[in-house]
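Student: Listed here are the chains, written in short residue letters.
Protein chains: 2
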Amino acid sequence: MSAVVVVGVGMIPFGRHPEMTVAGMGADAARLALRDAGISPQHVGMGFFGNVLAGRLFGDATIGQNALWDVGIHRIPIVNVENACTSGSTAFVLACDAVAAGQVDVAIAVGSEKLFVPDVGLINSGETELDTQLGLVAPASFGLRAVRHMAEFGTTRAQLAQVAVKNRLHAARNPLAQFRNPMSLEEVLGSPMIVDPLTRLQCCPNADGAAAAIVCSERVARTLPRAAVKVEAAALCSGDYESPQDLARWGTDYRGCRLAYERAGIGPEDLDLVECHDAFTISEILHYEALGLCGPGDGGRLVDEGATQLGGRVPVNPSGGLLSRGHPPGATGLAQVFEVVTQLRGEAGSRQVEGARVGLAHCMGGDKAADTKSCTVLVLSA
Amino acid sequence: MSAVVVVGVGMIPFGRHPEMTVAGMGADAARLALRDAGISPQHVGMGFFGNVLAGRLFGDATIGQNALWDVGIHRIPIVNVENACTSGSTAFVLACDAVAAGQVDVAIAVGSEKLFVPDVGLINSGETELDTQLGLVAPASFGLRAVRHMAEFGTTRAQLAQVAVKNRLHAARNPLAQFRNPMSLEEVLGSPMIVDPLTRLQCCPNADGAAAAIVCSERVARTLPRAAVKVEAAALCSGDYESPQDLARWGTDYRGCRLAYERAGIGPEDLDLVECHDAFTISEILHYEALGLCGPGDGGRLVDEGATQLGGRVPVNPSGGLLSRGHPPGATGLAQVFEVVTQLRGEAGSRQVEGARVGLAHCMGGDKAADTKSCTVLVLSA
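Protein chains in written order, with numbering that gives the first Met the number 0: chain G, 0 to 381; chain W, 0 to 381.
Rather than coming from a laboratory, the hints here were simulated on the basis of the structure. Please read all numbers here as calculations on a predicted model, not as lab measurements. Cβ coordinates follow ideal geometry from the N, Cα and C atoms, glycine included. One thing to keep in mind: the hints can contain errors.
Said to hold, decoys possible - Derived list of chain W stretches under chain G, where covered just means 3 residues or more per stretch with a C-beta under 8 Å from a C-beta of chain G: (1) 52–61; (2) 189–197; (3) 226–239; (4) 307–319.
Claimed, not checked - Just some of the chain G residues that point at chain W, by a computed CB distance under 8 Å: (5) 73; (6) 75; (7) 93; (8) 100; (9) 180; (10) 183; (11) 185; (12) 188; (13) 235.
Assemble the whole structure, with the sequences as input and the hints as a guide.
Tutor: Here it is, written out as structure tokens:
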């Protein structure tokens, strides 16, 4: 396997885009990534497109082909990838794999999703699962995790809410984020209860959005104008359904993080910044622990002492995260790549993590009581 | 890239399975493939799952993880692939790529689909395409191709219908095919008109079904009980939308076939059998020509003279093809692999192609006036 680098990223502002299609948003993100890389469409050898709902909402079974056609990318192998909330990051992993294997010199990964459409209904990840049918939809399963974490480790409601406050502070500095108005701890705690202890401002919002990244071999990167960002690890794994899990300790999460650290040859102490899958405030706290940013059970205290805020020891979700940047599932994984690459290039403006050299992007999809279905962990370096 | 072989295949009978879920059918096919390979679930290093409609019909965004969990395959990277009618064969291509790259020693590709469900509606492949909105749904676009082929090359209605008659004759010998009762030319021509000149028996039927294949490195194959079938080529390409196409000559089809022949280092004269994407009778005739089984325009005469029938020069669709085996889009590509592997092993019973050493499986997905969206061409050898 040879080295893979990111040479271009693109992202459209997340939010409401009633005038745009899934394909159109994906095409826009792809164009931005191509322009950023200084590469023309005909140099792209393979394409991966992450999306969850195009088939369901628009009956579109070749969304990636349609989106990339508009950009001038055609004839090449194109694969549509659907892995719940890790769809975009799985597309990125496959693009890296294709380049690492020497299959192609240049590959594009695009993610796009529209959630502001009528009758979306519930995004599910298991037609036959009794727990879902009985009411264990996503917010409920995360509520259970929060209750367990509070009971076991003394995590407080204020610590949970602090995650949302911090990420909104970061989003205020990110022009592409969906929600940028700062909010107080009181506002977060006082917003309507969804599933106790998670209030509405502790659940990630619906959003429309798209993001893209172009990866290539080091040989090709040397011919391009921008400094390349190296992919140190691109790990994908699935859930472990062998035994009932500990709700305050996510097996898949720990396994995915360990895999990425091993491949990258680094540890949590080497990270300058992290983008993680804060679908709910409790998620980010659990991810701190799986990533080894603190010990098991210490996640609530970590956010409370400011360690994961911009200016802290290891800023987490400088983009605003899912909670404030917004969460179009097919696009989220690539929006994380966009943020990490932007930070490692030193181009993140007022939210820049000073001297950032190593960043990590972490995504999970399809949570159930049984376990999470899919997890991706990417490590990038300047 | 190192050599890749198929060591196990599995397929459930295609037809109506109201009692089964998409995940359940996929799990059954995966179990059959594992048993066939003589391999246990924990030796599988990566999984690819082809499906089109689970997200749309059941809101399931992690169908592959759910199906493989039931089989005892978990923790590993699993990717859900959606590429219209090439979803299953794209899953197979990615599984081959992962093994060829040395990423894993063993990978599984599964395809599963349910079409006998209420309110499927139209399977589309372009939300924004004006031609579809104006009525150019799949049967209509294939009707146009047939009319053009008849006008240009003198292809007759009887020649078109002969494709359906031949494939039903083959299906009569395939216990896994959906429709096995022989039918006459008169019956095919006399069935209700769908889009002139295509009558109902010239359009592939809806079906529920699943199929799977296990691929691995030659090193691992040597430790397994069954003789390995070698993957000589696994090509995937997308449409060319640069110029309006000739309706009687499918650019993507020609390109996909050429790519596969180049990679395999063979030509059409080396093929002992072909499984091709006979979604409509005219499709098979066009594929003959793209595959070089005859010259451009000669496809109608080729089927008429019996060259593509069992016992003929190069039997095409000995399984019965989409027209008689049935066409659950996510599963079709892997059902083709099942048939080719079964033939190359000399285990096809009364439909066995004598002395078959080289077989080809060809799939296309997402046809539009503009062009086809996706094409896979696989070459396997005993």
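Student: Work down the list of hints and note, for each, if the structure agrees.
Tutor: Results of checking the hints against the structure:
1. 52–61: holds (count 9)
2. 189–197: violated (count 0)
3. 226–239: Since three or more residues must qualify, the claim that chain G covers the stretch 226–239 of chain W holds, with 5 doing so at under 8 Å.
4. 307–319: violated (count 0)
5. 73: 5 Å, holds
6. 75: 6 Å, holds
7. 93: 7 Å, holds
8. 100: 3 Å, holds
9. 180: Violated. Min distance 31 Å.
10. 183: Violated, because the Cβ-Cβ distance from residue 183 of chain G to chain W comes to roughly 35 Å (cut-off 8 Å).
11. 185: 35 Å, violated
12. 188: This interface hint is violated because 31 Å lies over the 8 Å limit.
13. 235: Hint on residue 235 of chain G: holds, closest Cβ of chain W at ~4 Å, below 8 Å.
In this structure, the earlier hints numbered 2, 4, 9, 10, 11 and 12 are contradicted, and the remaining ones agree with it.
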